[in-house]
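Participant: Each chain, letter by letter, is given below.
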Amino acid sequence: MRMQASSLLRAIPALLGLALIASAFVDMPQVNDWMFQISMLIIVSVSWNLMASAGLVSLGHAAFWGVGSYASMIAATRLGLPLVGGVVLAVAVGALLGCVLALATGRLRGIFFAICTLALAEGLRVTTVMLPDQTGGASGLYLPQALQVPRTALFVAGAVAAVICAAASVWLARTSFSYACRAMRNNESAAQMLGLDPLRYRMAILAISAGMVAGAGAISTWYGGYLDPDVAFSMHITIESQIASILGGMYTVAGPIVGAIAIVALSEATRLGLGAHEGASQLAYGVVLVLGILFMPRGLYGLWCDLWAGRIAGAGKADDTATEMAR
Amino acid sequence: MSAALSVRGIRAGYSGSTVLQDVSFDVAPGEVVCLLGANGAGKTTTMGVLAGLVRCQAGEVLFDGADLLRLPSHERVRAGLVLAPEGRKVFPNLTVEENLYLGSYNRNARAGRAGKLADVYSLFPRLSERRRQKAGLMSGGEQQMLAIGRAVMANPRLLLLDEPSLGLAPMIVVAVFDAIRLLARSTNLSILLVEQNTRAALSVATRGYVLANGRIVHSGPAAGLSDAVALRDAFIGRAVNKAIGAEAASHA
Amino acid sequence: MEYLGQCAVDSILLGGLYTLMVIGLSLSFGITRVINFAHGEAIMLGAYGAYWAMTLWNVDPLIAMPVLMLLGGIAGYVLFRILFTRILSAPAANQILLTFGLGLILQNVALTLWSGDQRSANPAYVFSSFQLGDSTVAVGRLIGCAIAVLLVGGLFVWLKHAEAGRASRALAENGEAAVLMGINVNQMYAIAFGISTALGVATGTIMSSLSAVTPFMGFNMLVKSFAIIVLGGLGNVMGSVAGAFLLAFAETAVSYYVPNGDGWAEAVAFAVLFFVLILRPRGIAGQAVME
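Residue numbers (the working numbering), protein chains in the order written: chain A, 1 to 327; chain B, 1 to 252; chain C, 1 to 291.
Listed next, the in silico EDC-like pairs over lysine to aspartate or glutamate satisfying Cα-Cα at most 20 Å (straight line):
1. B:K116 <-> C:E163
2. B:K134 <-> B:E98
3. B:K116 <-> B:E129
4. B:K89 <-> C:E173
5. B:K134 <-> C:E173
6. B:K134 <-> C:E163
7. C:K160 <-> B:E98
8. B:K89 <-> C:E176
9. C:K160 <-> B:E97
10. B:K116 <-> B:E98
11. C:K160 <-> C:E173
12. B:K134 <-> B:E97
13. B:K116 <-> B:D178
14. B:K116 <-> B:E97
Note that these hints are calculated values from the structure, not bench results.
Chain A with its partners taken away, still in its complex shape (with noise of 0.2 Å):
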């Protein structure tokens, strides 16, 4: 009975990830496009989470993304290069800055690092202004009509793209990477004297994440066939890649995933309840992000993981909070 229900619990993310996939097929809107934005989260999420784990907060995501979304677009408009090779392409270029910022940071971390990353977002959108010969400048790009393809293709490719991602931080979890990562966050110089080389972690790490939003960001470029600097670098995403994954449960598996799905119901939640004001979301994410840290700082899987602990050893449980409280 119980390998039974534990191999059926390992199914659950497969079978997740192809429902994932199957849903693009639906001939439903709404649903299709709560799933792509899913899909979107999932994948900044998981970078996200992927440089926490190594202690490296960003607050400069969009700095990623735009890159891809420019990167893609840009040969677009000039060479025609389709979707796929559109996404490989800001896949690379994103990576190739990944590795540059890992490079250009050295051993910079905590406050300095998120200040780097944060003034490497701004900059780029700033230069993209700046630079309308080469980037269409202000008044932006739109995606030729002969590249445009279908919506399903976009929410496949989407789906399919998060399903990769999401694997492959499973994957990497399982590996030694995990133990460098955690290794790296608590003690860098700690880590180094374990013989890992920081900088090598760093770049890897850097170039998968820069390199996931990238893609992610050359997708949705796709989807809305119009890109100028406020879309491309928008704090947004740097916000939502941050909130999923403190809502979820930083430095899990599961938590960017479970954060970016909830994360996707809020902003929806909001948007219903509230009207499509623009400050109504981004103020419900400034709240969760606040109360998240104060109150819930392992997130949402953590919450589920104490809750199913305390099934198991509910007495147990009880008697250490008694005590803890009793200090």
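Assemble the complex: chain A is given as a structure, and chains B and C must be docked to it using the hints.
Facilitator: Same frame as chain A, but now just chains B and C:
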């Protein structure tokens, strides 16, 4: 004016590990008491508990008959319990005089600040010479004088001195202990002194306790205690204690 | 180099303002070691406060300033006691995200209450100017700079001579030793944070007549403040002053001498931030703490 301290069965430690098992001792008003022991015996942890830097897990501490552990650290200073910490911990980028002023930050000490400052400068003329200098630029001995002076500025009724001889040259140790002896004569001050330098500590203290592995293993008048410590070392053969005894002897 | 004199005048006036903008952030970080990503929102709220005082009651921003600073200071103190004391020993990631989230809330509350329209408080003197040699000096900017210098000077006097100022410097150097001086650490942190917020509000009050007031104006200022702080060394208040003038000069020079310079000037802060962090993460002045 001077205060009495009564420590009853305290247990304390840091996340997970217990350093002090069951420590009890007393300091009577006006007395100079020393707490001896090897490295890691729990001396600094004891001081931490008294100053409120280390959380006490069990036991009680009475300061002039009142429950000390209920007071937050900064209020203990105002009540008159002042610690000159191990490793001196002066504020390196502040001047000597600013460090001393900070000593009398608590409200009970601010009124008598000018008088106290004069007292400290006459106790340690070196500090007076260097009053405008940044504390971090001074020698270890001068910093120790500053740490003690800063504590005196707080208008203490019980002065806690944690390893004042640590890392100092023998001649400076003598100077520092001369100053402590002068302080000890003042009628309104009790002193609790923690030392590894047994000989120096027993030269100023009236009574002493020996701490080992988080417990008090010996206590008695200063005169008898040095023999007891030597005897204990001989029995248990603790290399660390012996080394310290030898060091103390060479200093004296 | 035909605009050299004008460029110098503009840099100095801007530098004074930048000093005020950054000094609060630098102060709160130097003492509490929590970097406040919501500092820009204190500036933004100060600007809105001045704007509404001007619009509703016809009160000059400079007259409203003391009241707004007091309100800001109290708000900062209370906020710190409620929110920040909980995360003082939390990992840097949690601190960054909490303050970031707080900023997000304030931005969007402002957006919801007052819309995204650009506004501006315009007392009459803002539009006047006079000649100084070949250069034009805008009176609004001169007044702003003068007030900034006064406030920053006041802060330095407080840090140097006031009982609490001295205690806060001690706290910045060694928290544990500060406790042993009888300093109530959490209260001192909250006071420093309150002063920091009040200085942010003062910056916003001045900005309300010099630039557009919008819910998102704070973010831009936050990034510039970071550039300055990083330039001067994190937590180094004197370094921040030097950094403020350096950034002001760099921005002004770019806007005068580079084609399309007004747009590129916006990127100067990012470039500075990025390159200083890469080349000298401890800032140009090295790792000095509070002077």
